[in-house]
Amino acid sequence: MKRMSFLMVLGLVSATLLTGQVIDPAKSYTVTIGAYGDLEKAYQAVIATDDFKKKFPNVAIKFQTSDFGGHHNRLTTVIAAGEQTNDIEALEVGYIAQFVQAGGLTDLNAAPFNAKKLSKDLVKFSVANATTDNGALIAMPVDIAPAVMFYRDDLAKAAKVDMANLANWDAYIAAMKKLADKSKGIFGIEHPAAVAAIPLNGGKGGWFANGKPLEPKAKFMDALTLVQKVKAAGVDGDLGAWSGPWSQAYLDGKIASIVNGAWFGGTLRTWLSPAAADGTSQWRVAYLPGKMMASLGGTYLSIPQTVPGPRKLVAWEVLKYLTNSPVAQLTTFKAIDAFPALTTVYKDPVMDEPVPYYGGQKVRKIYADVALNIPENKVSEYDAVIGGIWNGAVTDVVNGKATPAAAYDAALKKVIATIQ
Amino acid sequence: MFSMKKLPSYLTTFLLGLLALVFAFPFYYVFVLATWPSREVLAFPPHFWFGNGLMENWTSLFGRVPFATNFLNSLGIATLSTVSVLFFCTLAGFAFSKYNFKFKKILFSFVIATMAIPGFLNIIPFYKMMVMFGWINTWLPLIVPGMAGAFGIFLMTQFLENALPHELLEAARIDGVGEFAMLWRIVFPLARAGMAVLGVVTFVGSWNNFTGPLILLPDVDATTLPVALSVLNSRVDNNMGALFLGNAMTLLPLLIVFMLFSRQIISGLTAGAVKG
Amino acid sequence: MSTTVLAQRKKRMKAQQWAPYVFISPFFILFLVFGVYPIGYSIVSSFFDWKLIGTKPPVFIGFNNYVNILTIDPFFNSAVINTVILLITGSLLQHIIALPLAILLNSKLVKAKELFKTAYFLPYITSTVSVVIIFGNLFDTNFGLVNWILGWFGIEHIRWGSEDYGVKVILSTILNWKFIGWNTVIYLAGLQAIPQEMYEAAEMDGARTFTKHLKITIPQLYPIIFLAVSLSIIGGMQIFEEPFVLTGGYDNMGGPSNSGLTAAYYLMFTAFKAYKIGKGSAIAWLIFVTILGLNAINRAATRKYND
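Chains as they are written, first to last, in our numbering: chain A, 1440 to 1859; chain B, 111 to 386; chain C, 1304 to 1610.
Treat the hints with caution; some may be incorrect.
[Said to hold, decoys possible] Here chain B is said to cover these stretches of chain C; the calculated rule only asks that three of the stretch's residues, wherever they fall, bring their Cβ under 8 Å from a Cβ of chain B: (1) 1369-1376; (2) 1424-1433; (3) 1467-1480; (4) 1533-1547; (5) 1557-1565; (6) 1568-1576.
[Stated by the list, open to error] List of simulated lysine-lysine pairs, DSBU-like, C-alpha gap at most 35 Å: (7) 1466(A) x 1759(A); (8) 1317(C) x 1563(A); (9) 1555(A) x 1317(C); (10) 1317(C) x 208(B); (11) 1556(A) x 1786(A); (12) 1471(C) x 1840(A); (13) 238(B) x 1759(A); (14) 1359(C) x 1616(A); (15) 1556(A) x 1359(C); (16) 1359(C) x 1501(A); (17) 1359(C) x 1852(A); (18) 1466(A) x 1493(A); (19) 1559(A) x 1314(C); (20) 1670(A) x 1658(A); (21) 1651(A) x 1359(C); (22) 1314(C) x 208(B); (23) 1852(A) x 1651(A); (24) 215(B) x 1313(C); (25) 1852(A) x 1313(C).
Please keep in mind that the hints were generated in silico from the structure rather than gathered at the bench.
No residue lacks a Cβ here, since even glycine has one placed at the ideal position from N, Cα and C.
Can you make the complete structure from the sequences, with help from the hints?
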């Protein structure tokens, strides 16, 4: 019995080493994936492709999908209990920092995975986000969210404003003053807080400089000042995201612009602003004012440490396929507008295609350019708390409860009290 | 036949009716939203009347969720929980309200104190235990640990305080009715009003439980309705119509259960007269 | 003959002595099996610098978590104050409505009791997510029904969801709306047990309705009032889901000025977002002590009233 299992392990190892073939064609496997929101829909589409069927004829994929909060809650609980999770678990970028600091996920840079040679083809900043100080890669980015500006071409034309090339945020605010029209109930932007995360590169990480929180101060003051300026311009709709009046405002065409990740295009297309009969809409995409580069969202795939060894190997093959195969990356993009993390597909002809919804604009080129230029954000174990405190500071500025300087000082005090 | 004497009655009924409309409205609203296509769910001004998206939501709901399986799981877990809670908590409530025994006060305070411990964090060690017991993906962890819950014991103790007259118990004892036989003959019949409240709240709690089944029943086919429905909650692929249809279909059984138990809660003023 | 009666009575006495222990034993057996380990885990972890996940070993730090929470933590104090405000406005004051409502529903004055009772109970079974969507619409700044009605009185444009007091108003409304029916149902069931003859005797003495209820109903309901208020305290001090969903989850920590950040919300944030399970456990035990304290007051108050 003992010898048997030894032989089996030996067989497995030698098969891996000699042929690089983990998956025995004579057997059948099941890989389970824990996912949230739309991800299952995207990966189901990937599984349905001929390419996947050809490469994994004997691998079945089973999903455990929940909503965003539920999924992360379950995952942290099971990992905290030290028990076995699904073979592959999805993580939103906001949860990456904690795992980078604490562990609990398999280091994909270590043998036998050796992800390093694969991750060079992935967007740099997102790989850096998931890499620990010791060089361990705890999850692979599967999609990213380059931040862009969506704007309404008809309104811009009527106001004779060139939204595509705004030099800076002041120019943006000036433009919004022209586009917004109180008498028609048209707002420049949904809410002042919508721009708050941009100067912070999305605010997932990047809260420290040289070990000091909320530094460099100028960056954080920029964010709060920007929010205050947008508020003072009086062009916002004071609409809370994902509320009834908010979605209705989009449906009624009352919003002139929005700053968000590329994925928001999917929300516009399928829900908030469906295309006309000819497949077009008035929405266009532009770089952020001053060609600022930022990231607003993103998904990672991980293999928790509690997954048993042999299952890890099969899971890795699937994870590798989802993150590194052009077919999978482009299928995911088509299914749910989640932008590929795999940079090699940016050269695919599909990225150069005009997109009818945006009036034939080649928006994917913009996405790809932003994706390649997003700066790195260093994550820390305090990111969650600091993010929560920071959102409070933003709200205070929006509500006129505090000046940017006062809000910054109050936030810094809270941050220091929390992390010490 | 309008008479001035009945005026207070009409007036009260009218005012209570008004209040009832306010209270019932969101419930009604869930059913209204279930019939609108997803993009219309958050429409403003809101829809107050039924729409034409029912079929669309139906297809979308049943395309994504094994509804029947999840429904049966929810029903099975909630029913078994309710039955066992009613039995064991009435027993304990009977003991705490109608017997004198050593350490009674301390034991009762202990039971209540366990309710004051915020249970959110217990899920982690509890999950570990359930893995050890091999209970993951079974109904057991959602039924057994709560079978004699502190909440139910507290509720039944306070109810039985008044509902079971001492004289009746003494009379039964003199007639030679044993302590256990008394349960069936006196306690359960007279505890009906309290048991009805406990039954409803246990069923509702089990039926709406999200975190428990989410973590303890990871298998799609083993899990319950609220967890299965959460799949529909996503931002890009907006499924809100289907989500509300699922919600509405989740509410119906609760309504039926409440109606069933509800008769016991007001069986009219006559009930009091039978006792004594 | 007499010896057998005696023996029988003795046997009865014995049964009467051990029967209650048998009846309460399921709770204690289940507690030993399922409760001791998790509770012990939580007590122990509250004395450690303990990461929720990962490989870093926990470090024993004595009472540091507790001291930290009570002295330098920037959120705990306000979280407790928020919780107590919501406890009063959202959970306790409603008993003044629920009890008379139950008495009315139980009286001969009202027709179609079944229908009313069902209607009042409906909020209790409606899911939090739908409730939040509905109340979000009602309290919307620009288009909400509430501001529309206030507009008639010249009060304009209150930003309910964006101001700290507004968040508390919405939450209190939700909690009242959700639990008034539940409390009414408890009181109704309690009213069942009051013998009708007590009222008849009072009526013969010519007691007015109000006095009747003050003198008979309320003292008779004492155990139920204690129950209902205790449950409100226990539930109210652990309120999490409603503020969590309303103010947008962990990222916003209770919305404007942390107005909706309750103690349990902060507990969850600390453990599941900041990943400090040790500190989270310490918060849990502080909430526990607070609840016990409040309940002791409740017990003293209802007992005094009863005498």
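Inset, instruction - If any of the earlier hints don't hold here, list their numbers in rising order. - result: 1, 3, 5, 8, 9, 14, 19 and 25
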